[in-house]
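S.K.: Listed here are the chains, written in short residue letters.
Number of protein chains: 2
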Amino acid sequence: MRRPLPTVEQFVQGIRASDRVLLGQAITLVESVREDHQVLAREIIAELLGNAQPSNTLRIAVTGAPGVGKSTFIEALGMHVIASGKRPAVLAIDPSSLVSGGSILGDKTRMERLSISENAFIRPSPSGDTLGGVARKTREAIVLVEAAGFDTILIETVGVGQSEIAAERMTDLFLLLLLPGAGDELQGIKRGIVEMADFLVVNKADGDRVKLANQARGHYLNATHLLPPKPNGWQPQVMACSALENTGIAELWEAIEAFQKHTLATGFLQENRRQQALYWLEDSIEAGLKNMFYKHPAVKAKLAEVEVEVLAGRMSPTEAAERVIGILRY
Amino acid sequence: MRRPLPTVEQFVQGIRASDRVLLGQAITLVESVREDHQVLAREIIAELLGNAQPSNTLRIAVTGAPGVGKSTFIEALGMHVIASGKRPAVLAIDPSSLVSGGSILGDKTRMERLSISENAFIRPSPSGDTLGGVARKTREAIVLVEAAGFDTILIETVGVGQSEIAAERMTDLFLLLLLPGAGDELQGIKRGIVEMADFLVVNKADGDRVKLANQARGHYLNATHLLPPKPNGWQPQVMACSALENTGIAELWEAIEAFQKHTLATGFLQENRRQQALYWLEDSIEAGLKNMFYKHPAVKAKLAEVEVEVLAGRMSPTEAAERVIGILRY
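Chains as they are written, first to last, in the working numbering: chain A, 1 to 330; chain B, 1 to 330.
Hints are not guaranteed to be accurate.
Copies of the same chain look alike in the list, so a pair counts if it fits in one copy or across any two.
[As the list claims (entries may be wrong)] DSS-like cross-link-like pairs, simulated, lysine-lysine; straight-line CA separation at most 25 Å:
| # | residue 1 | residue 2 |
| --- | --- | --- |
| 1 | K290 | K300 |
| 2 | K290 | K302 |
| 3 | K190 | K302 |
| 4 | K302 | K86 |
| 5 | K230 | K295 |
| 6 | K190 | K230 |
I should point out that these hints are in silico values taken from the structure, not numbers from a laboratory.
One chain only, chain A, in its complex shape:
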């Protein structure tokens, strides 16, 4: 026999008291496909947002090609954040979870020190049918971890595709990790990703790679000077660090705090979050609308009918679409 779920009130109180078991359970509800779980998750979030305080959190996207050392970097940065009196939470958006149904990203075993710290919270990527679905779940999880008092939210992605765009749309700061001694061509990094970055950080600047790391830093420094200015008015910072040897991490965190101060002072951070919320509203509406539409039995039947005509070339897709939508005309 399964234990009954806690009530909304219990969840809300527990999360506010930073109870990590209840926090984890609430995120599981957000990720669940069960209708009753989703209703409960929405009620919890509604309650938590109802008394929202002005946020003093910072949401950071951390990305980079596989092998760049994201986990080690996040652990080093996370431990530094804890030492400076803050509480980091690590979430992830991993499109590979679409295929595997699971995810190694944010895997606690890869962040040994951070995962046992009382002041940190680590959660692997949700799985889902679509990247949009995965991203929407991660975004809801941000609300929950912030309500639980985590103030530095690190969103990890794999750095090779669309998940960076989703991560950028739910964070205040975009940090791209780079390897020493390899151009972005070789690192498989799309130019668009480089252009999104507020911080370009060459990791693994240690041992005999220090020189290469400085070369890479110089290369990206030049590259960023050629880019158009970012809407937030921030000149992208190019830095080097070694997560392994813990060098450059303190300087990076100082610069990140300067970024936060700058974007709070200009009001960009607040306005950006408002615009992001509108984006996710639209995104959620469209996903929900499609979901509702394609589930409708009459739509399914009509769609099957017109697809045959379209495949045979006897009906244009526009005409067929009009007939399917016609079912819902009101």
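Given chain A, put chain B in place with the hints provided.
M.R.: Showing chain B alone in chain A's frame:
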């Protein structure tokens, strides 16, 4: 007083007889935002598709960075196509028409010889609110020009963004034009675009640029050998030409005909068009669904209401989306 529009029957007969005035007028109906025009356009297309013959047309996407000489190239290729007994039509997808409300692409003045040929048809890019809208209109125009007996459809795009993906989804062959002596970095061409190409053609291989063109050809030859094989089983061809001096055009056309023969023989061309039709069906359904939804007065009212809450941070986008969609629950 305006003349009344021709009837569906007049349009259908006229287009089948290759009457270019009626053809142009029908495309204008497709592009119109007026409801009655759209109904008429759908009726015309439905009639034309009703008696569709197995298609022997070839749809070619032509793209490349600004300055690569697309118009001159299309004119040279088009004139060669005419000389070989075929009838080319030039259409365009230009996202800049979203901003300007007009388009210079496919501008007849830039294709002097082609535009006065009886055996060619040139139409500038439609304008529209969204790239998706512009692309859907161009796709409908393909049906019309093919019904009018044009058998070689050239879809021109600007080569720098999303419009290439739309063009790829409505064509059988993707041709990327390149400049001599500049890597794709410099030409502003995204790697994804290079990977889509069936033909990479270095244009302007004339005068003292012949050597540079051959170097560029070698560079792209190496690059394409590193790419994974295309689903159509075609090894991308890398060629050089001079549209200005009309060299390399005949060889290119011969290779294009080999491509057509190959993809027809394997059945890829036919199957690809079927899959494209399903893609455009889904695309049209989703566009139509959103359009219908956001026009609904109760949706508009509820959306305005929840947006205030979302912007104030008092309601999550998920909750707000649920409330807006709830209006239509059935």
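S.K.: None of the hints should be skipped; say for each whether it holds.
M.R.: Structure-based check of all given hints:
Both within a single protomer and between protomers do K290 and K300 lie at most 25 Å apart by alpha-carbon distance, with minima of 12 Å and 18 Å respectively. Proximity of K290 and K302 under a CA criterion of 25 Å is satisfied in both settings, with 15 Å inside one chain copy and 18 Å between copies. With identical chains, the CA atoms of K190 and K302 are never at most 25 Å apart, being 41 Å at best within one copy and 39 Å at best between copies. For a Cα distance limit of 25 Å, the shortest separation of K302 from K86 qualifies neither inside one copy, at 55 Å, nor across copies, at 39 Å.
For a Cα distance limit of 25 Å, the shortest separation of K230 from K295 qualifies neither inside one copy, at 41 Å, nor across copies, at 34 Å. In this assembly of identical chains, the alpha carbons of K190 and K230 lie at most 25 Å apart whether taken from the same copy (17 Å) or from different copies (21 Å).
Hints 3, 4 and 5 from the earlier list are contradicted by this structure; the remaining hints agree with it.
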